[in-house]
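Student: Chain residues, written in single-letter form:
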Amino acid sequence: MDSGDNAWLLTSAALVLFMTPGLAFFYGGMVRSKNTLNMLMMNFWCLLVVPLLWAIVGYSLAFSGDGDFIGNFDKSFMRNFDMQGNELMFMIFLATFAAITPALISGAVADRMKFSAWAIFVPLWSILVYCPVTFWVYPGWLAERGSVDFAGGTSIHVNAGIGALAVILVLGKRKGWPEKLSPPHSMPLVMLGTGILWLGWFGFNAGSAGAANGRAIQAFVNTALAAAAAGLSWAVTEKFRDGHFTNLGVASGIVAGLVAITPGCGFVTGGSSILIGLIAGVVCALAVGLKSKLGYDDALDVIGVHLVGGLLGSILIGFFADPEAFSKIDEGYEFLGGLFYGGGTELLVEQILANVVTLIFSFAVTFAIAKVLDLTIGLRVSEEVESEGLDIREHAETAYSSLDRSTI
Amino acid sequence: MDSGDNAWLLTSAALVLFMTPGLAFFYGGMVRSKNTLNMLMMNFWCLLVVPLLWAIVGYSLAFSGDGDFIGNFDKSFMRNFDMQGNELMFMIFLATFAAITPALISGAVADRMKFSAWAIFVPLWSILVYCPVTFWVYPGWLAERGSVDFAGGTSIHVNAGIGALAVILVLGKRKGWPEKLSPPHSMPLVMLGTGILWLGWFGFNAGSAGAANGRAIQAFVNTALAAAAAGLSWAVTEKFRDGHFTNLGVASGIVAGLVAITPGCGFVTGGSSILIGLIAGVVCALAVGLKSKLGYDDALDVIGVHLVGGLLGSILIGFFADPEAFSKIDEGYEFLGGLFYGGGTELLVEQILANVVTLIFSFAVTFAIAKVLDLTIGLRVSEEVESEGLDIREHAETAYSSLDRSTI
Amino acid sequence: MDSGDNAWLLTSAALVLFMTPGLAFFYGGMVRSKNTLNMLMMNFWCLLVVPLLWAIVGYSLAFSGDGDFIGNFDKSFMRNFDMQGNELMFMIFLATFAAITPALISGAVADRMKFSAWAIFVPLWSILVYCPVTFWVYPGWLAERGSVDFAGGTSIHVNAGIGALAVILVLGKRKGWPEKLSPPHSMPLVMLGTGILWLGWFGFNAGSAGAANGRAIQAFVNTALAAAAAGLSWAVTEKFRDGHFTNLGVASGIVAGLVAITPGCGFVTGGSSILIGLIAGVVCALAVGLKSKLGYDDALDVIGVHLVGGLLGSILIGFFADPEAFSKIDEGYEFLGGLFYGGGTELLVEQILANVVTLIFSFAVTFAIAKVLDLTIGLRVSEEVESEGLDIREHAETAYSSLDRSTI
Amino acid sequence: MKLITAIIKPFRLDGVKEALKAVGVEGLTVTEVQGFGRQGGHTETYRGAEYKIDFVPKVKIEAVVSDAVVDQVVDAIVTAARTDKIGDGKVWVTPAELLVRIRTGERNDDAV
Amino acid sequence: MKLITAIIKPFRLDGVKEALKAVGVEGLTVTEVQGFGRQGGHTETYRGAEYKIDFVPKVKIEAVVSDAVVDQVVDAIVTAARTDKIGDGKVWVTPAELLVRIRTGERNDDAV
Amino acid sequence: MKLITAIIKPFRLDGVKEALKAVGVEGLTVTEVQGFGRQGGHTETYRGAEYKIDFVPKVKIEAVVSDAVVDQVVDAIVTAARTDKIGDGKVWVTPAELLVRIRTGERNDDAV
Ligand SMILES: Nc1ncnc2c1ncn2[C@@H]1O[C@H](COP(=O)(O)OP(=O)(O)O)[C@@H](O)[C@H]1O
Ligand SMILES: Nc1ncnc2c1ncn2[C@@H]1O[C@H](COP(=O)(O)OP(=O)(O)O)[C@@H](O)[C@H]1O
Ligand SMILES: Nc1ncnc2c1ncn2[C@@H]1O[C@H](COP(=O)(O)OP(=O)(O)O)[C@@H](O)[C@H]1O
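Residue numbers (the working numbering), protein chains in the order written: chain A, 1 to 408; chain B, 1 to 408; chain C, 1 to 408; chain D, 1 to 112; chain E, 1 to 112; chain F, 1 to 112.
It is worth saying that the hints were derived from the structure and are not from the lab.
With a cut-off of at most 27 Å between alpha-carbon atoms, the simulated DSSO-like pairs for lysine-lysine come out as follows:
#1 Lys239/C <-> Lys371/B
#2 Lys180/C <-> Lys17/F
#3 Lys293/B <-> Lys239/B
All chains should be modelled from the sequences, with the hints used to inform the complete structure.
Tutor: And the structure:
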């Protein structure tokens, strides 16, 4: 255990944990004030349930053992850890990733999902979807075949994005959608979330190097540049199409760029990360328009941003991966080269395969979970609750109380 | 000086300093909008006054010299520091702890304390209560007897919690309490505070290892798991009792868990920290109900959360401390074992003693300070100021101004 | 590359990037709600445009080559970097400084500048003003003569502060100023920004040591103490003059202290940093009153805080620089001593010279940029847009939407 | 001239606005208000303590209209705002002696 | 029918509401407003600059009641809202020609 | 007694307040409202989707005044609020049968 590496991993884990509140504000600002606390709660819930589950059984299922398809229980309850080798750090660092992944889905189901159903959905999905996919992508068969995913493009963004689609197909559209749209109730809250997400994402991506080394630095640089590039290209796309630079466009672009660079930030160099960001900003800005055409109500664009951005970023590795550049940074760090860097199509094919497999598996299992929940306890609140607001009815709380300054 | 240890301590100190603004938002969101700025100001005031006082004299009083009961002035004005041995870092890291401790008390006195009295209370309390207790618990006699306090359960949470009780007994109840209750004016602000507190608490607890070593990692893991467990158990307690999962319940539970694991995070292992968290969530959720029964107006539950949570966590060390596990993490790290880990009752007795001593001393001296302030400059605002709001009358400011967008 | 140094620089760069959103909230809370999003957008825009520009050409212009007056293009597009020597880290760390510098100017032009003009102003100013001044102050002729600037007092705060003056002289006053003043629309947002700025400033100042060493620790200590001292002295100044301790006073004082200690935090010791903070708080509290006397509309006091605070801090180095103290911390760290520390007037003269040169150059070039923009695309929105609010008209967005909870 | 005031459920605002446009009302003013009535409020629970929130968010619509159309306007509002659930709100009519359009100085029926 | 409007100090809202319930008023509508009057406003100071805030937060209560109870209702409000300090507010009464309960279509006294 | 109600552009509030003071109105009550009228609203764009915002922020001023000064007051408002651009707003007058100053119990003209 090197103290410098530890310092960076401790910092990174703290920052990634902070991303889930950040996501809560990012999403919470976008919904109406009557559903704001429900949105915060869906996100915080993930922070309560998932790390415990991960420490008890999830980490073991996702990372322990030599199987191809799923881990074993050897490391459940934090037993059999390699205490010299920093495994406890590794476990808790990854717990923060496991927590934010289902939280991403909350953006799609906003304004209409029963909280009790969400409360159960989160642990089920973590175990049945997140753990196996993570196993395949990291220690398991997809990784062994050659596909790569530095910080969680496939296992996190694509996985959560397609899961979001599955849930909302069961859940249905919000009343009035898409005719009646409500603007974000607090854009400053959205921008706060954006700032926190960007901050945390440095831990997410550069922490995934597992050390405070040259790879971490390159991942950090890529994270900064891709986010800036995508924020810019989304904003410019909107300026040309709609006539204005908007804050929500900038925020969305930043997040899209962060998503898109997540899988590749440890395999591509700075110039490529700018290109990936620029592409992601434009493509995701267009992709969020799909939902009204195709008729699925992805309230806060989890699909347009995380699914599309994650797929894009993961597949672009097949073009931009540059093992030679990294050999100068870190000796003995090996991976296949991308099409533009002399590596042929092998990596590209593996990247596509890994994502296709994830799409199919995650969609199917998530759909099944949602269906079972719907048939048992019910997935959706009543019309009355939906129009009165989930905060009061599901949580007996109000986001902002002003009249009550009058008491006393 | 190891650069990795430095890196982690620098980061930790920055994060702990950020906790005081976090606490300001946590409390500030809970009060009505007419008293929000007074709450923020009470917290920020601690950040202005205490670090200076600490650098000038507090650190020396709390950590310098061989006395049993109080330090000396040898290290006042940052003189005679061991510059090779990182002492400057140690001083400033601890300054951020000293700052947040009196800030905790602000939650109890909300809505009715004169700011001028608070302005004087803070430095007096720091010198007369915080410095001696810290001396006893760390270099002094309580530590020498064998009691332990990793990151400040006794010296910070119990100390501030009982101090809060002493002040409000002098200060009295808010007009209309407990009949007239006002809901939090901004729950998003409360949740923002919660997120910042959790983030900062990693610096608080894992930084208290003094290095980026295995103990820091274990403390980090314990901090994450106990917070999650307590957030969950508080929320579940409320769900059973009141019928809803609430944001304020989750926020309160997270903080209760963080408080409870603070003293023990460097002495217990992950499984114990989950248990400590689960217990703390339930016990504190019940403890906040005491005030209306016993009739003291602890506005934002400093006693129910910090006093009760701190006592609980400190005493549970007597059961769960596991020196053997830590001997595998860090050689030469020695402390008494808890009752469940073969250590007998010795540690338990010492933990109880340390807390009883702190309770008595802190209550008595804080009560005296409050009484003197009350008899001299007065502790409490007039009824008129209380009903008009402290922001306008004490600070000549308004938290949110909307009508004024009309000018120009 | 030392992993501990890397860990601290990675952390610092992330924190400094987070300062720009922090600044956005600090300024955004101070303006009226109808212009809040325009303010956020001006700041976020810097985060999108400047890091890309910096990676592509700015860093090379500011730090590459042996010239006296400007860098060359050798390191443009991140080519020719010393990959063993951490140069990529250095580049991205400094990119976050380059981003926040023009963002500072946004506070002066609040409420009336065309966003399209701002969008172009930022990259132009970065290249034409920030890069050359940075070159002079760091690798170039001013540094060679002996002047020092640890973390950017001259190159950032004085530079942006005088630039702000130049822009607003072209831009003109807001309609109704100074008769019609509007209070901050959200003080909690201002205080959030303050907290984030202070947090990030630890990365800014202590990260500028380039390592997790004793100098970083001293810079960290100085940052904490100067901010506290200035917050206190600003607040006390207001208390004596206006009768109240205010949150905005505390926030402004903290920022003024952070600005003032920025240039000297790696050259002075703790006691001096307290003095510098105390002086800065009083001087800046008085300096913000100048604008109404002199008749320039510096909306959010960029001049009173950043220009005055930066100049003050930079020139006070000439009195307080203490090379002997640092020789005990870090071997081989050499700089001229200040007047009070046996160094004579040489350093003082150099500090004055460096700032005078910066003032003249930055004012002239910024004025020219603003004038050209004004004559071409126009610098200022129409009266109608100014009174309706920039958010709706420039960005087609509204900061807070409440009525719309009514839909569905 | 009459001033027609309606207190309705917020989510009916859009519908009522359209209904008013349909009967020729070209201007109206909306206020966010809090209602107290038979509908009752709700209870919120913070840290186990119950807070009785008596007031329910409502929207107030005010429109000054010509005498001739009063009945039609009232009917339009009632029809569009009705959900048949308690708390649908009230409409009332008060006499207005004068209406002026500020921009032009036009008065009464010309100002509507 | 009469429309009774009261402008009161916010912290008297609870008391006035109870007083109205006591005299049989079962429905009312509340608005957060800003008052300007003899009470004067206050001064806020930001960075040394003084901001004269002319407006004081007040609460407006509106209730439409039967003619028979008007005096009683006005008295109840005045008694409950009174603190004897400047700024206590005003009550005024305007005629209402019609009141409709949206849910049922009931009119006038039946709709109260 | 008459109740004079004016809907104006927010940025004219200060001017209208001064004009009212000039004609002797010593008390008034202000509410932030949303207006719908000829002026039309505006369009906001979030992630490429257009949101038609029909309502425009306005300010409502209410003042109860003696019959004798009604015309003067209306004129003062109209003059001070006028910008000659669409959306300047409306003023209307309704009869008030009673005005009470809560603090003193004074009535009608004495209570103004
Ligand atoms: N007499 C009244 N005067 C003014 N507003 C009233 C009156 N009665 C009811 N309201 C308003 O109408 C709303 C609905 O009234 P409520 O009694 O709850 O249901 P309903 O109208 O269906 O009988 C209330 O919330 C209140 O805003
Ligand atoms: N003529 C009026 N018309 C409408 N509202 C008024 C009038 N006069 C006073 N008010 C309202 O009543 C409130 C209290 O009035 P003020 O003159 O301050 O005290 P008081 O009623 O005790 O004489 C004001 O803030 C304002 O909201
Ligand atoms: N008939 C009406 N009743 C009540 N308020 C009205 C009426 N007509 C207009 N208003 C208010 O006056 C404002 C301005 O009206 P509008 O038709 O936009 O412009 P103008 O008054 O210049 O013709 C509206 O936003 C609305 O608040």
